[in-house]
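Residue numbers (my numbering), protein chains in the order written: chain A, 106 to 455; chain B, 106 to 455; chain C, 106 to 455; chain D, 106 to 455; chain E, 106 to 455.
Hints may contain errors.
The list treats identical chains as one, so a pair stands whether inside a single copy or across any two.
[Stated by the list, open to error] DMTMM-like cross-link-like pairs, simulated, lysine to aspartate or glutamate; straight-line CA separation at most 20 Å:
| hint | residue 1 | residue 2 |
| --- | --- | --- |
| 1 | K223 | E140 |
| 2 | K324 | E253 |
| 3 | K349 | D249 |
| 4 | K312 | D381 |
| 5 | K452 | D370 |
| 6 | K452 | E222 |
| 7 | K452 | D145 |
| 8 | K327 | E297 |
| 9 | K312 | E140 |
| 10 | K320 | E386 |
| 11 | K327 | D279 |
| 12 | K227 | D128 |
| 13 | K256 | E136 |
| 14 | K349 | D306 |
| 15 | K124 | E293 |
| 16 | K451 | D306 |
| 17 | K256 | D283 |
| 18 | K349 | E253 |
| 19 | K452 | D308 |
| 20 | K295 | D370 |
Since the hints were derived computationally from the structure, they do not count as laboratory data.
Listed here are the chains, written in short residue letters.
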Amino acid sequence: MRKKKNIGLPPGSIIYTGKLTGDPVQVNYIEYNLETFREDDNTDGKGVILHASNPTITQWYDVRGLHEENLIQSISERFQMHPIAIEDAVDVFQRPTFTEYTNGLFFSLKVLRFDAEKSEVKKESLAIYFGDGFVLSFQELVDDTFSEVRKRITFDRGRIRGKRADYLAYALIDYTVDQYYHVIDQLESKVEDLEETISLDPDLVNKNEIYNLKKQILKIRKSVSPIREAINLFSRSESKLIDKSTINYIRDVYDHTIHIVDNIDSLRDILSGLYDLYLSELSMKMNRTMQFLTIITSIFVPISFLAGLYGMNFEYIPELGYKYGYFILLTAMVLIAIVMLFIFKKKNWL
Amino acid sequence: MRKKKNIGLPPGSIIYTGKLTGDPVQVNYIEYNLETFREDDNTDGKGVILHASNPTITQWYDVRGLHEENLIQSISERFQMHPIAIEDAVDVFQRPTFTEYTNGLFFSLKVLRFDAEKSEVKKESLAIYFGDGFVLSFQELVDDTFSEVRKRITFDRGRIRGKRADYLAYALIDYTVDQYYHVIDQLESKVEDLEETISLDPDLVNKNEIYNLKKQILKIRKSVSPIREAINLFSRSESKLIDKSTINYIRDVYDHTIHIVDNIDSLRDILSGLYDLYLSELSMKMNRTMQFLTIITSIFVPISFLAGLYGMNFEYIPELGYKYGYFILLTAMVLIAIVMLFIFKKKNWL
Amino acid sequence: MRKKKNIGLPPGSIIYTGKLTGDPVQVNYIEYNLETFREDDNTDGKGVILHASNPTITQWYDVRGLHEENLIQSISERFQMHPIAIEDAVDVFQRPTFTEYTNGLFFSLKVLRFDAEKSEVKKESLAIYFGDGFVLSFQELVDDTFSEVRKRITFDRGRIRGKRADYLAYALIDYTVDQYYHVIDQLESKVEDLEETISLDPDLVNKNEIYNLKKQILKIRKSVSPIREAINLFSRSESKLIDKSTINYIRDVYDHTIHIVDNIDSLRDILSGLYDLYLSELSMKMNRTMQFLTIITSIFVPISFLAGLYGMNFEYIPELGYKYGYFILLTAMVLIAIVMLFIFKKKNWL
Amino acid sequence: MRKKKNIGLPPGSIIYTGKLTGDPVQVNYIEYNLETFREDDNTDGKGVILHASNPTITQWYDVRGLHEENLIQSISERFQMHPIAIEDAVDVFQRPTFTEYTNGLFFSLKVLRFDAEKSEVKKESLAIYFGDGFVLSFQELVDDTFSEVRKRITFDRGRIRGKRADYLAYALIDYTVDQYYHVIDQLESKVEDLEETISLDPDLVNKNEIYNLKKQILKIRKSVSPIREAINLFSRSESKLIDKSTINYIRDVYDHTIHIVDNIDSLRDILSGLYDLYLSELSMKMNRTMQFLTIITSIFVPISFLAGLYGMNFEYIPELGYKYGYFILLTAMVLIAIVMLFIFKKKNWL
Amino acid sequence: MRKKKNIGLPPGSIIYTGKLTGDPVQVNYIEYNLETFREDDNTDGKGVILHASNPTITQWYDVRGLHEENLIQSISERFQMHPIAIEDAVDVFQRPTFTEYTNGLFFSLKVLRFDAEKSEVKKESLAIYFGDGFVLSFQELVDDTFSEVRKRITFDRGRIRGKRADYLAYALIDYTVDQYYHVIDQLESKVEDLEETISLDPDLVNKNEIYNLKKQILKIRKSVSPIREAINLFSRSESKLIDKSTINYIRDVYDHTIHIVDNIDSLRDILSGLYDLYLSELSMKMNRTMQFLTIITSIFVPISFLAGLYGMNFEYIPELGYKYGYFILLTAMVLIAIVMLFIFKKKNWL
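Model the full structure from these sequences, guided by the hints.
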């Protein structure tokens, strides 16, 4: 299930390594500049022409679903993508990375979503390749992740229509990184719920849930941490394909990724502290139970001994002949029990 | 409650991400040089003119409360703040950072206060933007954090009136960082209290308090640690807006932040050692209790057996006929108990 | 068994440090360019001539088995390998490393295989030395690790026939690194099995298995982590022997090694979390058992006391004379037991 | 008590932040070169003249006690100390640091002493400011820390009289760092004592002592670790005030600080291992006790049952009528006890 | 015993800081080039002449024992050793380091030996100072550590006779570092023994041995880790005293030190995992014992109660009059015990 299908193949092989969902591949095409805008919701990528004629126009191919290798090959080759970039784009196990090729820049990262029901973080692979006047985005799943960004272009919100391909690439990355806050927020509230449950009654906590939360946090960290480095590389790139005014924006995303990693780490520390608290609460509770049970025994042991004493069959035990012997003994037993209870109470053992 | 309201919006959107307290926004305006001083306690920011005529004059807008986006936009635009700087200034979740823009330098950090009652560290977001002849400070809350700095200007204490905008920005950061010492002092005394309580009686310790202290320390670290990097960037900046004589001052603040992080880390280590001590104290105490209870049982078990022995109904048990049998047995039982107590005492089990 | 046989010898000594398996050394020879291809499956390395005449031809000697020192010396000396490179090539304890010599580049790494039966990772040492027009590969074992790569050359798959020696070296390293994914996949599924077993019944877990998995993960990390650095050095090398177009490929392998180390680290973290979970599950289970047993005792202690009480031989115990005394007491005992069970149930102790 | 008294004040304020001990401030003045030597044991700092006339003469003001701000101001201002340097010199909470100012170099560090009685490390703040022909040293306490160095000058031991101010500054730092070895030695012997006590009897160990040792080690590390960085900066300084021949000496001190930090870290690891050993020894011992006590009970439980059996009042229990029934039973009981003891012994439970 | 005797003395003092063993100092002198060879087994260092006349000749003074300060002074001064280098050479607590002086290069490291009987790593201090045509080696003990290297020179094995002083220095360091493998091998087999013992019976493990192994590993790491840095400095040195061809050899030693540190770290991790395994094995075993003992009690508690029940003296207990009452009860008791044993067995508690 985690098999990397392209192990051992010649490098540059276009092999989709993800699961097949049965959904058909969706390709959305947009071209725009400040004046013009054209959209083709489901293209087969055949009609791609490089608009060398008008340098202000940006073309965006948003490929959703990576299992049609022919389609991907035809699109990527028209934009002269490097074979390794193509291979990495369709490899869903690709680590987040930024690479500069001669004709374009390649950025791969992960889209994260939180499935609240299963308490599970869902990962989707995303690759962005952009160059002079074009952006190609490759998403693992057919869900329309970037509808918000597309709306900004369609309705000319923000600065995006006046900028070039590098800004669009930035906008896609920024949007993806922003989603991480949602995921972390939801994990944080899960952790807060846990905190409350533990302080109420540690027995109500499902231990597997803590373990699962730990795993989810590890999973996010593994996805976000390399993105931080990749965006750092991006922000320091001296490629001509990146406008200087875009650098400030990228640095802002970089700050966000650091912030997110900080949050994840502190969440992990809090969770780990919480786990310790939970374990000690649980063991405290169990120990108190054992102590209580042992105290019951301890109180009956001496008075049972007394009962045994006067159950002996010696011919001459003077107390047995006393008229109120039994009642005196009963009173003594009750006193002994009360005194012991009192002592235990005072020692704070009950 | 932790929602980042501007997720997914076009970058540069002015969206206040904090809570609405209902307090009206306060804007305090000061302009000064060595000779002149003018203050306007509550301005609407309309009358802002850049004093290009007199380069020695510094203008300081202190905006307290960030929810009036129009006001913030009007002030920030007159000083040609970069859209990202504006967005970051009103984003209370902004990570401490230092960024150089063409017309000014942006510094964001956190004001920390310790709420002794709730044992909770309160965070307030603070952004400082300064350029040639002006400083803009954006505080999340309306509390007058910088009254002390304002007094220094008003009554011409220290060097501040003779310096430029970069020195004022430094003074604000320095003042904020100095406050961290207060917070750490109070946390330290909390930890010392804890230490004392544990050595007296671990049962008196509230475990949630230790956990809460851990969380507070994590919280401060998360706020202070990035400030260290930001100030480092500040001190190494080669911007023309920073006077060379100011660099030494900034480096001093940098040393303070390192010192503070050192203190936090060592506080964390002490707290963690204290927690281990507490847990082992507690478990020791509980174990001693169980041991004590088990010893009671162990002493009565043999003598109860003896009582049971002579409670048997065999027809011929010679001891039962002895005249002083009962008393001899009683004496033997007392001796057995004493010997056992003596052995346990000697083995240090009591 | 772990002895390093060449300790204390003069540097540059050709001493095979591995185990002797008895298998004869295998040497496979291939020469190729886009047009020509020649293979010699078992050569003694005698007929080696440097094809200075045709610079596009690449010669590849694949030496499998390192215990025939004469053979290795004769091959390596014809290609003017540096004495240290030869020594390192036959030293199976050599740490993964990349070194530039005047006439060639040396790369040493480990081939990893997972022996699923013994749950053990098997390490094989591999050294690659390449220069202008030739590649020498030295494998510890006679298994034909690189048959896949050889097929790519034979049947002209991918780009390999059109490239030079540096690309072949890259292809061998890439192939080896790709194998690591298999090993990690298998370890991952072992960890997942463990996870499931723990959640079912912690008693079914073999503790030595967790410890062994930990050890295997440490072992892989120790092998892979230095390869990362070595490949980084490789990718930054400015040697003339490496074509610029190959650099992108090497960087891709570099990304893979980082990815693999990330996976190993996260696997380690998951395993360590799992171990904690296992330990606490186990101790919980044992504690619940003890608690149950103690509860049995606690229920019988009071009613046994009552039985003892009416077993006393006082002359005057009024209850003994009641007609239904025995039955009343029996009923009382059952009631006491039921009430106690009920209380314990309610306290969630059963 | 830990209050930083200068929080919120304008930077450059001369505020002594330490405790007032009541001891008067001591100022020792020495001037020397290879030929001349003059000492003034208690000067008020008034007669300070810079010996610009003779560049080989070094002037050393050793100020002990920092609470007379006028005195400190008068001395420091004659040597044109930077305001921040003055502020830092009298701030006993100043972090060890090295700063270059235009007219001089500032070095601040901590003098450590070990109070064997209280098992406590005592910190004293020390600041050294030196420039062309002068050294100012500011010590928190009036104790004459540097009498050894002064003797070297007075009696012309070593190279010091032939060197300049930078060498004297080095000698003071070197002397201070050397003292750290004493402190670590004493801590090491404390740890060794602990080790011995634990292996003898863990009950004799005072747990607060381990915790206290941990705290002391943390304290030293916090003092020494930044000194390492400061000396590194010092050794890399390209200031004209440092002679090239002095650099080798400073590097030697740098090596010492690394060595000391190594020692502290390994001491910390040893102590932490010791603590684990102690805890497990203690818990082992307690468990063995509980096991022993439980075994007592386990042995008496079956034989008490037998006694109870023959204490029953059934009309027809044949054994009760046997002549030697009682003695047979007694023998059986003894045999049962012996067999159980034997089994437990064999299982290594006793 | 750990006292550093030269604390507080002027720098450059020749003070031997080790223990006095009573063995006389041994000085071995060799001079050689490809043609000539001369040895003087026990020289007093008086006749030292620098062979400026023949630059191919290398002179090697091997000083074993460091307590004769005059001898060391006379030798070191003829080769114009820097005072700090001399001080460091005789200081057995000197941290491994590499320093360049004007006339020579100084390298200090540790010789490690494993005392298998005491399971203890023995450290010996070693300093190497070499320059143009000479090598001085200073060993703490009189044992002839370098007899192997001397044989290589005497019998002209390897390349050493054809190389210069820098190669000899390299050969000494290489030889010393190679010895570390022996030490680690022996520690590894100790750890493997431990592993086996734990899996057989945790009770057979001596806990102090684990703690001691931990300490030994820490000790080695403390010695080897700084050597790594020192050799790195050595390999990057641009001193004219080091031939370019030697650099490759030094880098190989550097790789070895990294390898050794890797091995130590992984050994530490394995040991730490083993310790956890041991502790949990031990606590498991003890818990199983307690559980077993508690089960004995639990089985007798109900049947003892029954015995007590029929030991009561009520006048009317119908069962007591039954003819086979006693035998029915006995059978019931056996059944109860069997059923309980069966249940406990089924619950896997036995």
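For each hint, the structure was consulted:
1. K223 / E140: Neither: 46 Å inside a chain and 57 Å across chains, both beyond 20 Å.
2. K324 / E253: neither (26 Å within a copy, 33 Å between copies)
3. K349 / D249: This pair counts as neither: shortest intra-copy Cα distance 30 Å, inter-copy 38 Å.
4. K312 / D381: both (12 Å within a copy, 11 Å between copies)
5. K452 / D370: Close neither inside one copy (42 Å) nor across copies (37 Å); limit 20 Å.
6. K452 / E222: Answer is neither; intra-copy 47 Å and inter-copy 31 Å both fail.
7. K452 / D145: neither (80 Å within a copy, 66 Å between copies)
8. K327 / E297: between (23 Å within a copy, 18 Å between copies)
9. K312 / E140: neither (58 Å within a copy, 64 Å between copies)
10. K320 / E386: between (22 Å within a copy, 18 Å between copies)
11. K327 / D279: within (18 Å within a copy, 23 Å between copies)
12. K227 / D128: So K227 and D128 pass the 20 Å test inside one copy only (18 Å; across, 41 Å).
13. K256 / E136: within (13 Å within a copy, 45 Å between copies)
14. K349 / D306: Neither: 56 Å inside a copy, 60 Å across copies.
15. K124 / E293: between (30 Å within a copy, 18 Å between copies)
16. K451 / D306: Only across copies: K451 and D306 sit 14 Å apart there, 26 Å inside one copy, limit 20 Å.
17. K256 / D283: within (17 Å within a copy, 41 Å between copies)
18. K349 / E253: neither (25 Å within a copy, 40 Å between copies)
19. K452 / D308: between (26 Å within a copy, 11 Å between copies)
20. K295 / D370: within (16 Å within a copy, 25 Å between copies)
Comparing the model with each numbered hint stated earlier shows that hints 1, 2, 3, 5, 6, 7, 9, 14 and 18 do not hold.
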